[in-house]
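Read top to bottom, the protein sequences are chains A and B. Just so you know, my numbering puts the end of the first sequence at 443, numbered straight through with nothing missing. Just so you know, my numbering puts the end of the second sequence at 399, numbered straight through with nothing missing.
Treat the hints as calculated values from the structure; they're not laboratory data. Certain hints may be false.
Below are the BS3-like pairs computed for lysine-lysine, each with C-alpha atoms no more than 30 Å apart in a straight line [said to hold, decoys possible]:
# : chain 1 : residue 1 : chain 2 : residue 2
1 : A       : K381      : B       : K316
2 : A       : K352      : B       : K309
3 : A       : K336      : A       : K352
4 : A       : K352      : B       : K352
For reference, the chains in residue letters:
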Amino acid sequence: MPFSNLPLLVYIYQIWEEEGIEAIETWNVGEQQELEGDEESKLSIALDINSTCAKVAFFIISKSMNSPTPQFVPSRLGIYEPIHQIGIWGENFKSNGNPNTSTSVIVEVDNKLENESETTSHEMLTASNTYEQEASKPIDKIQRRLAQNREAARKSRLRKKAYVQQLENSRLKLIQLEQELQRARQQGLYMGGVLEGSHIGFSGTVNSGIAAFEMEYGRWVDVQHRQICELRTTLNAHISDIELRILVESGIGHYFELFRMKSTVAKADVFYVISGVWKTSAERFFSWIGGFRPSELLKVLVPQLDPLTEQQILEVCNLKQSCQQAEDALSQGMEKLQETVSSTVAGGPVDEVSYIPQVATAMEKLEALVSFVNQADHLRQETLQQMSRILTTRQAARGLLALGEYFHRLRALSTLWATRPPEPSLP
Amino acid sequence: MDKVMRLASEKDVVVFSKSSCCLCYAITILFQELGVTSTVHEIDQDPEGREMEKTLVRLGCNAPVPAIFVGGRLVGSTNEVMSLHLSGGLIPMLKPYQTWC
Numbered sequence: 017m018p019f020s021n022l023p024l025l026v027y028i029y030q031i032w033e034e035e036g037i038e039a040i041e042t043w044n045v046g047e048q049q050e051l052e053g054d055e056e057s058k059l060s061i062a063l064d065i066n067s068t069c070a071k072v073a074f075f076i077i078s079k080s081m082n083s084p085t086p087q088f089v090p091s092r093l094g095i096y097e098p099i100h101q102i103g104i105w106g107e108n109f110k111s112n113g114n115p116n117t118s119t120s121v122i123v124e125v126d127n128k129l130e131n132e133s134e135t136t137s138h139e140m141l142t143a144s145n146t147y148e149q150e151a152s153k154p155i156d157k158i159q160r161r162l163a164q165n166r167e168a169a170r171k172s173r174l175r176k177k178a179y180v181q182q183l184e185n186s187r188l189k190l191i192q193l194e195q196e197l198q199r200a201r202q203q204g205l206y207m208g209g210v211l212e213g214s215h216i217g218f219s220g221t222v223n224s225g226i227a228a229f230e231m232e233y234g235r236w237v238d239v240q241h242r243q244i245c246e247l248r249t250t251l252n253a254h255i256s257d258i259e260l261r262i263l264v265e266s267g268i269g270h271y272f273e274l275f276r277m278k279s280t281v282a283k284a285d286v287f288y289v290i291s292g293v294w295k296t297s298a299e300r301f302f303s304w305i306g307g308f309r310p311s312e313l314l315k316v317l318v319p320q321l322d323p324l325t326e327q328q329i330l331e332v333c334n335l336k337q338s339c340q341q342a343e344d345a346l347s348q349g350m351e352k353l354q355e356t357v358s359s360t361v362a363g364g365p366v367d368e369v370s371y372i373p374q375v376a377t378a379m380e381k382l383e384a385l386v387s388f389v390n391q392a393d394h395l396r397q398e399t400l401q402q403m404s405r406i407l408t409t410r411q412a413a414r415g416l417l418a419l420g421e422y423f424h425r426l427r428a429l430s431t432l433w434a435t436r437p438p439e440p441s442l443p
Numbered sequence: 299m300d301k302v303m304r305l306a307s308e309k310d311v312v313v314f315s316k317s318s319c320c321l322c323y324a325i326t327i328l329f330q331e332l333g334v335t336s337t338v339h340e341i342d343q344d345p346e347g348r349e350m351e352k353t354l355v356r357l358g359c360n361a362p363v364p365a366i367f368v369g370g371r372l373v374g375s376t377n378e379v380m381s382l383h384l385s386g387g388l389i390p391m392l393k394p395y396q397t398w399c
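All chains should be built: construct the whole structure from the sequences, respecting the hints.
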């Protein structure tokens, strides 16, 4: 089969290291074809060592023909070498946006170009010499070489396929994350601007209130972490109760600081606090009116506080019961609020276009939500205060450590969950 | 001033509320839980509501409602009642007025 009749897409890819010029040119010989399956046969035909028919063309492509000697090593374009290079090029595959086009190379040395530069002609001669030398080698060696090349090409294709698959997966993951981020942003940046033009003016305050809180909360978590570590090392060492008391006071004070922060941002946007967007996902799972449930808190703490005196056990028991009763009352109040808002919004004829009266009334009712959040935080604060009163200093320190560690682990759980590996997609 | 104090001393446990106030509702639920029947006066339904609201604020409630009176004496608003309850002081206070059916 005459060499020149083979329809093959030819890429010649060069890097001119000295000048950093990359030139890619495609030379379409006949029609473009996928090089799957038939590649081996095509190449072997192309490498038909019928020396009277074969031509070796050498294309050197550059932006300016006066450029200095390329670093391009001609032996890389010897007849057999480019097949090896397919493997390497497969790895360095730069997406021209067309991953399915072929990457094989047929080298033809065109004698015409010999005249274009001295050095290149020398290189070409070397190439042709190499070619002629190869032609005289025994056939089975050549066959072996061909097989190796085919193998390398096949491996390269598989590698490329795996790489592309990996890229696709990453792309999907990225889209997922972007959507999640968008959703979280929308939740956090509730504007309340249902009525045309009325509340848009406040959106700046809302955003800055939320932004300020987020920054402060980030710092709060860092300080919390430091306090926990300090408590841990201090409890293992043997320091006086007085010094430990200082740590306990600052630990409790730190929680009170959080409640103050939440109160401020609740005035800016109560839905932001209630939705728990500012917390990690596992923490949010346990959320009750914008924070942890005091009675749950006690369940986490008490096992860590052993041994407790009889009196302490009784007092903690009473505290837990009071918490639960107070929580129930607030929860039922919240339910009533939901019912009220719902019936207000749904009220009135639906075939009227204007819903403004209903929504405006509902807005007034929603103001109560701020009081509920404040009451819930007040309950948390009181619970911490009572525990501090009931327990000894050392017990209180252990309690704070247990509490802080619990939240820390919940955050770790959230992170682990968020970064869990996707299901394997490759066989 | 008079109406508030009069109403407050008429019954054992009195809660001044507003018809739309869900926090007031929560307080009455708590009292119910503790075996106390509270008398609720909705000041927004009362013709003298404005005056009563001013009185309650003057008496020291940061929010006029809910305002809780036990045995004729002002306990306070939600904050005070909750703190009292968690510290274990509410039940003893309500004991004389508990009516378990």
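A quick look at each hint next to the structure:
For the given pair, K381(A) sits about 12 Å from K316(B) by alpha-carbon distance, which is consistent with the 30 Å threshold. Taking the CA atoms of K352(A) and K309(B), the gap is near 26 Å; set against the 30 Å cutoff, the hint holds. For the hint pairing K336(A) with K352(A), the CA-to-CA distance comes to about 24 Å; that is within 30 Å, so the pair holds. For the hint linking K352(A) to K352(B), the alpha-carbon distance of about 26 Å falls within 30 Å, and the restraint holds.
Against the hints set out earlier in the document, no violation occurs for any number.
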